[in-house]
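Peer 1: What the sequence shown shows, in UniProt numbering, is residues 1 to 340, in sequence order.
Keep in mind that the hints were calculated from the coordinates and are not lab data. Do not take every clue at face value.
[Unchecked claim] Listed next, with one range per pair, are the computed distances between beta-carbon atoms:
#1 Glu-18 with Ser-206: 33 to 39 Å
#2 Asp-160 with Asp-61: 41 to 47 Å
#3 Cys-145 with Asp-61: 23 to 29 Å
#4 Glu-15 with Ala-123: 51 to 57 Å
Virtual Cβ for every residue (Gly too), placed ideally from N, Cα, C.
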Amino acid sequence: MPKTSTWIDPRIVDEMMERSRMVAASQRNVRYHLRLYADHLESRGVPFEDAGADDVLLFYDEMRASYSSSTASQALNTVKRLHRWVSEGEVEKAGKDVAVPSRAPGKGMRKALSPAEARLVMAACETDRDAALIGVLMEGALKPCEARAANVADVAFLEDCAVVLVNASDSRPESVLRLPKPPADKLKRYLDARKPRSSDEPLFASESTRSFGARLSDRSIREIVQRVFSRAGIPGTAGGYDMRKTALLLAREAGADDEDLVRFARLRSMATVRDADGQYRYASDGPQERLSRALAGFEPEERSCLMTASAVRDLLEGFGDEDPVIMSIDKLGRLAVEGV
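Could you build the full structure based on these sequences and the hints that come with them?
Peer 2: As structure tokens, then:
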């Protein structure tokens, strides 16, 4: 059970949990998010009873900087639920009703890295372990929690790939993942250099002096990924990118069809494939293709505008900076420019 913080009266949380109908796993998540919220308030010296919308939003921003958009959103909803609970008089120690706007639809969707960005990330890995870890996540579609839980015995290397036994979880049955050759080679190189003494050792182990050889925690994996992303110059935080979608994108680029992708990433539906395909097309198309798609629904007379040549200097030659020009888009999506 997650550690309880006394900054928020534990009786409030306990009674809210008793009245809820959540399963045990969901209750653990709620308690974990509330502990993070309590730690956040305590670090800023803000009593829970005095916390307002600004404090909740600061906590949300802190979560987004360290966790995925999905986890940050779940934590925000948990905190809002707690404030609603105490404001409705369900417990003696009432706090404030904090009205925080919910995340706008689609704003928390994580995107895939483009193939060029993925290559930058791989090049930024400084150790065999980091390269193997990023490889199985970004090229092999292994989840971070699965990488953390795996042991050396769960991996078998074949001639052109590796297979990983993924243990059952609360939401998924036991499965076998096929790692393509690039991440399989990185993983084999890491294990050959590390020379684990037992097959029961964790697949990915700490290299720090204090915890050398211990299993990497979820937090350590996030920190490693963020560190590599920062070195690669990827904008934003690593939590804003979906490694599994990136794996699908790279597999599609290598020639995988829909059936291959569903089998490769152990998908339950084609929605993730279609999402990755859309991002792949966007990342692969040039500006002209994107413009053609955006203007496809407009009539020709609606696709023209009057502007100065200085605004489009990179695209035009032969016009002065203040010469008016008409730029129109033909039915094929090509730009046509003429002077006035």
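Peer 1: Determine which of the earlier numbered hints do not hold for this structure and return their numbers in increasing order.
Peer 2: Of the numbered hints given earlier, the structure breaks none, since each of them holds.
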